[in-house]
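Colleague: Read off the chains here:
There are 2 protein chains.
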Amino acid sequence: MVMRKMYLFSFCILFPGIIATHNGYAQELLTGYVNPLIGTDKMGHTYPGATVPFGSVQLSPETDTISYEENGHYNKPVYRYCAGYQYADKTIVGFAHTHFSGTGHSDLGDLLVMPTVGKLQWNPGTATHPEWGYRSPYAHTEEQAVPGYYKVRLQRYNILAELTATTRTGMHRYTFPTSDSAHILLDMEYGIYNYPDKNVWSFVRVENDTLVTGYRQTNGWGRTRTVYFAMSFSKPFRGYSWQNNGKKQVYRGFWRKWEQERNFPEMAGPHLKACFDFSVREGEPVMIKMALSPVSTANALENMAAEAPGWDFDKVRHNAQGLWEQELGKAVIDADKDTKTNFYTALYHVYINPTMYMDVNGEYRGLDQNVHRAGKEAGNYTTFSLWDTYRALHPLFNILQPRRNAAMINSMLAHYDQSVHHMLPVWSNSANENWCMIGYHAVSVIADAAVKDVPGVDYSRALNACVATAGNMKYDGLGYYLALGYVPEDKNGASVSKTLEYAYDDWCIAQLAAKVGQTDVATTFEKRAHNYRNVYDKYTGYMRPRLSTGSFKSPFDVLNTDEPGYIEGNAWNYSLYVPHAPDDMIKMMGGSRRFSEHLDSLFTMELPDSFFAHTEDVTREGIIGNYVHGNEPSHHVAYLYNYCGDAWKTQERVRMIMKKMYRPVPDGLGGNDDCGQMSAWYIFSALGFYPVAPGSDRYDIGSPAVSKAVLQLENGKTLTINTVKQSDRNVYVKSVRLNGAVLHRNYITHAELMRGGELVFEMSGKPVKH
Amino acid sequence: MVMRKMYLFSFCILFPGIIATHNGYAQELLTGYVNPLIGTDKMGHTYPGATVPFGSVQLSPETDTISYEENGHYNKPVYRYCAGYQYADKTIVGFAHTHFSGTGHSDLGDLLVMPTVGKLQWNPGTATHPEWGYRSPYAHTEEQAVPGYYKVRLQRYNILAELTATTRTGMHRYTFPTSDSAHILLDMEYGIYNYPDKNVWSFVRVENDTLVTGYRQTNGWGRTRTVYFAMSFSKPFRGYSWQNNGKKQVYRGFWRKWEQERNFPEMAGPHLKACFDFSVREGEPVMIKMALSPVSTANALENMAAEAPGWDFDKVRHNAQGLWEQELGKAVIDADKDTKTNFYTALYHVYINPTMYMDVNGEYRGLDQNVHRAGKEAGNYTTFSLWDTYRALHPLFNILQPRRNAAMINSMLAHYDQSVHHMLPVWSNSANENWCMIGYHAVSVIADAAVKDVPGVDYSRALNACVATAGNMKYDGLGYYLALGYVPEDKNGASVSKTLEYAYDDWCIAQLAAKVGQTDVATTFEKRAHNYRNVYDKYTGYMRPRLSTGSFKSPFDVLNTDEPGYIEGNAWNYSLYVPHAPDDMIKMMGGSRRFSEHLDSLFTMELPDSFFAHTEDVTREGIIGNYVHGNEPSHHVAYLYNYCGDAWKTQERVRMIMKKMYRPVPDGLGGNDDCGQMSAWYIFSALGFYPVAPGSDRYDIGSPAVSKAVLQLENGKTLTINTVKQSDRNVYVKSVRLNGAVLHRNYITHAELMRGGELVFEMSGKPVKH
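If you read the protein sequences in the order shown, they are chains X and A. Residue numbers for the first sequence follow this note's numbering, so the first one is 1 and each next one is one higher. Residue numbers for the second sequence follow this note's numbering, so the first one is 1 and each next one is one higher.
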């Protein structure tokens, strides 16, 4: 609490204007409710470090505890350390500058910095034997994580490490004990999920005794990826040395020309580490600014000069906090403390990705590896985890961040222009396409924005990109899909998942085409949108893999998460994936009554332990019955009761899911946050509605978990959501009134929300059955 | 001869203006005297392929005949294949786009292209078993090499291969037999001197069925070097496939998403090869344009569009020839046919390096790996082999190419600005410094231009760069040199060579400082210029390694080419290296008489076979007595007789050296051409004078080997050199008259030459002893 007061004090001085924008909540800092440690334990795969909204830099501790092998290569599991940090770990390896938030696959962790004192060590050591290397034990009691700021004491060295960030610059403040052998290590070999040939090249120049520049080039999830940097020190180093994983690399064969081991200002090789040496007195802080660029070290320097010109760490930290207050303030709620923590932490996670991928001068590296320019105001974005984020994250942006969402869509269109496949992004990772997961869900994001009249996008041009993407016959079974109306499992795996998602995406394109008046295109894709019917097996009542012969595949297990035909979901769950035509799906599956009971069984069945044995992404924590909230294909499912006359069950289920899957503790997330998708589901659901089918303007009414919410819209309007009698027991919606008029339906439209005003939910402890 | 006439005909049509510039030689194409095959056998290390003057592209055949090893890695000697081609080889592996001309160390050979028919093969095979791979036998009888054009029949496939080039684009024309399985292979793994980890990364995009873009990144002599390309085909390929040295690389783990083996348009990995398939009819040419860029594929495309927009191979070829005619025409001679062949071939080799390293839009990659801009007119240059070329190549440019030499100097100053060592280039290789050889001879090039009033350089700024370079205490024994007045052999190798060359370079800086009026700097460096005295051992009469104790090193062998203390020269030869103070050196070594006899013994002594056993760079062909013309430290030596009253011996020796070391046959060069230095020595000597000490304005008179020469100077003046009674026997100079006035000295100044007019050598069969 003392810390919170201090924040308020200094924050008021630095940002007198911002606090006034939190209508009616002027006294309270919303960042105080954000706990970046939520999701850092087990499944969430979030990181606790410092970042600003949608920032390029994510400066955060690494706790990788897998042994550093004899051969000198890291061998980390690809899954567990997606965010570099696991709460249960006892040691910190250092602080790296780039991290994914909530992914289920690994990359990044660039430019590890570690301060030490004493004997210089070049390898990180192990979790059980940190003394074999440079890593240090730490304790959560000596750790603090708030938006834009992270602090921890490195116990082994008694160094206080503090981190903050601007959009493109990470700032470190290390307060040392007295020592004549203090070191700041820059480990360019380190990376998250480093396999032997992942480090392609690195290059370092010591420009002078306070400035280092260079780059790290990797072949990882982003196959051809380079991070350029400029690293500035607040205090001149006395000297420096380097390593290239035991091999000499700098100017081989010319060892007599230069003494290359010490103070040699140019290093290159695939496994570089550099160490800078200092004499420090107790309490003396040494600060570092590390600016990143996707283009060049010259641009990194320009970024640093523009964003972090001085050495006032606290000012940068408060700037970061101010940016978070500004974004969080777009949705201010009243609720109990845990709900506030959950809500603002979710909103924090929502505003981390996609990330800015452009220098202050407007330059960025494109998919073709050439340097391109984007509008400096709008910016260019990367980290599109679209299979996840089309569902709720981008729709949420259409309410709270439409300008930014338009810039993201324009970034997708630039990606399309640069794509040699002539395709919109599937998973965009720093000038690379990693093709993760299935479908072409960029079209959903675009259609949703079009239907919701988000300005700033040329939707006709966008339609061309969507049609070209959906017409790439070589892509992932799409040729078969177009020929047969479904993906045949004997020709291309995960065929049911792909067929269903293509059908939904095609419906999105139809909506976009209709919106821009291309009726023939709309007709074509409306027809494709019905392809979900082609994998429905009337006999079993599930969406089931078909072969190219036309017959269904046997045997068939509806619960097995490894069942061929599906990806990140079993047949049971995926069979509910027709978001754009729930009525037809329900009819196909036996009508409302039968479907409602079918859904009931989903949430109540008991699964054997063996169910959880196989899949890394599915654990007991992420599951309610057979409902898997930890994987995205089910995210709309609880809202399907709305389509069979049992809206009260939707209300009950979404409240239950919120309670079980979002808890204000480090292991509080029931699955990977997936670049904000899990959190966006929470924000929507806590506000009382959810977009079952992005691409339509409809939000299904659920059950709000807040007492009140005030949304500041970019069009200048304010939407106030009020609840009456809402409590943990009163989860059922008795009535909904929009600006005084009772809503005689269980959805609300985007246009209605955007007009602002007041939406009132009257709640009850008893189901309201219509 | 038929070919020559055809040239003339088409050339006249295309370049009606150029021929008229060859004063008095309008009927004759000078390119007809150039034989690019000279120097391709054994020691010369020249290449026979197509390039334009100072071009970025050197498109030439590769004949590497070392076995392709089981493990798939090339294992070639670093020395023999410096230029990729050895005349004695019987097979051609393909045609690569970058080559050094005459170096003694290897790199480049980027982007090997090989046309084949029949079964697709991915490895090159071996010299003895070409059928194990894609290579083909060829015969010199079916080969033609002229400036800007190379032709050969690939016997195995009966493909006629023709090559030509613009500055930044290589153009191929392959005339195939009828085949449904014709291939054009792009082997990105191939490179000259490829050791296992040399290929760092490569990236290829098949943009459409006639355009491929990408880059090749290597860690070779240029440690951090990337060549970007755009490759355009005149005929659409039917399909394509790729390999990554047996390893899958493209989107690993997502094999089900795409069929990646065939027609997959994006490839990446360190060992890429791509093969493009065609159906062709007999006599059907398939053409390729390969544009290079140091910056990006976008720039490569821009280069291609600017320089080679169409598909008229013959026009590009004649353009290339025209550029050569233009440059060769700056020095038109009358002489016997062999001398003409030697002269114009030498001039051709002189005008290959340094090479343009800038895109048509003015962008280039700097030493800091950032993208920089140079003046589009002037350009930015690389391939500075300065230990070689400061001696005669750059001085020759001050006469025939002063504008270009100024641009080269400005490129060196940009290199200095970008150097983290704050040093001028030693050996600049495509945005890399490879530190090859010793000294800091860029200062000689700068001082020579300054003293000769070459415009276009800020010589005061240049002086700062020279002083900083000569003050880098960490560089190659320079700290010791400054402290002790010599480099001590126990602290830093090749200490005598370094001491002598530093002393000369320091004298150059003194000349430059005096020229720009910085007299204190001039005084300081004038003092340093005397340091050659510190390694002179009166007892033995030679320059001899000293230890840090001050005593001379023992034992001491004046003939051993491996003797510690020297590099590319033995004590005997290096002891004559005081170009800036020959009078003092002669006095120190016993006076004129004794020195003249000492020189005589150099040229006449007989060395045992064991002398030639050790050093790759020194063979019997490159040596006269103990005079090693194949290595540069002796290049001024024959002219030293001028300083002891025996000018007739200089005249005799230089004529002998010209005869022995420059013969109009493939093995006609007595040593590596070294980026034009060997050839520049010939041009000067054949014209009758030589710059013993670049940095002075003096050219020592030798013995002209031409009957007449007309030099077109950039200042609009013409210098005509006429000889009277010159012949193979009349090698002695009886008199020299400049514009009618007899020259009463054995040198001529730069200013005298630049004023134009007539220089007449009257020759005699008898020595003229003064």
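Heads up, some of the hints might be wrong.
Copies of the same chain look alike in the list, so a pair counts if it fits in one copy or across any two.
With a Cα cut of at most 20 Å, we get these calculated EDC-like pairs of lysine to aspartate or glutamate [stated by the list, open to error]:
{"hint": "1", "residue 1": "Lys-766", "residue 2": "Asp-520"}
{"hint": "2", "residue 1": "Lys-491", "residue 2": "Asp-584"}
{"hint": "3", "residue 1": "Lys-42", "residue 2": "Glu-131"}
{"hint": "4", "residue 1": "Lys-376", "residue 2": "Glu-307"}
{"hint": "5", "residue 1": "Lys-90", "residue 2": "Glu-143"}
{"hint": "6", "residue 1": "Lys-330", "residue 2": "Glu-28"}
{"hint": "7", "residue 1": "Lys-90", "residue 2": "Asp-537"}
{"hint": "8", "residue 1": "Lys-769", "residue 2": "Asp-312"}
{"hint": "9", "residue 1": "Lys-474", "residue 2": "Asp-209"}
{"hint": "10", "residue 1": "Lys-708", "residue 2": "Asp-490"}
{"hint": "11", "residue 1": "Lys-766", "residue 2": "Asp-338"}
{"hint": "12", "residue 1": "Lys-90", "residue 2": "Asp-609"}
{"hint": "13", "residue 1": "Lys-491", "residue 2": "Glu-259"}
{"hint": "14", "residue 1": "Lys-717", "residue 2": "Glu-758"}
{"hint": "15", "residue 1": "Lys-474", "residue 2": "Glu-259"}
{"hint": "16", "residue 1": "Lys-491", "residue 2": "Glu-261"}
{"hint": "17", "residue 1": "Lys-474", "residue 2": "Glu-207"}
{"hint": "18", "residue 1": "Lys-515", "residue 2": "Asp-453"}
{"hint": "19", "residue 1": "Lys-474", "residue 2": "Glu-261"}
{"hint": "20", "residue 1": "Lys-734", "residue 2": "Glu-28"}
{"hint": "21", "residue 1": "Lys-553", "residue 2": "Asp-520"}
{"hint": "22", "residue 1": "Lys-42", "residue 2": "Glu-606"}
{"hint": "23", "residue 1": "Lys-337", "residue 2": "Glu-282"}
Treat the hints as calculated values from the structure; they're not laboratory data. Given the structure is predicted, the values throughout are model-derived calculations rather than measurements.
Colleague: Quick one: which hint numbers does this structure break? Sort them smallest to largest.
Modeller: 1, 2, 3, 7, 8, 10, 11, 12, 20, 21, 22 and 23
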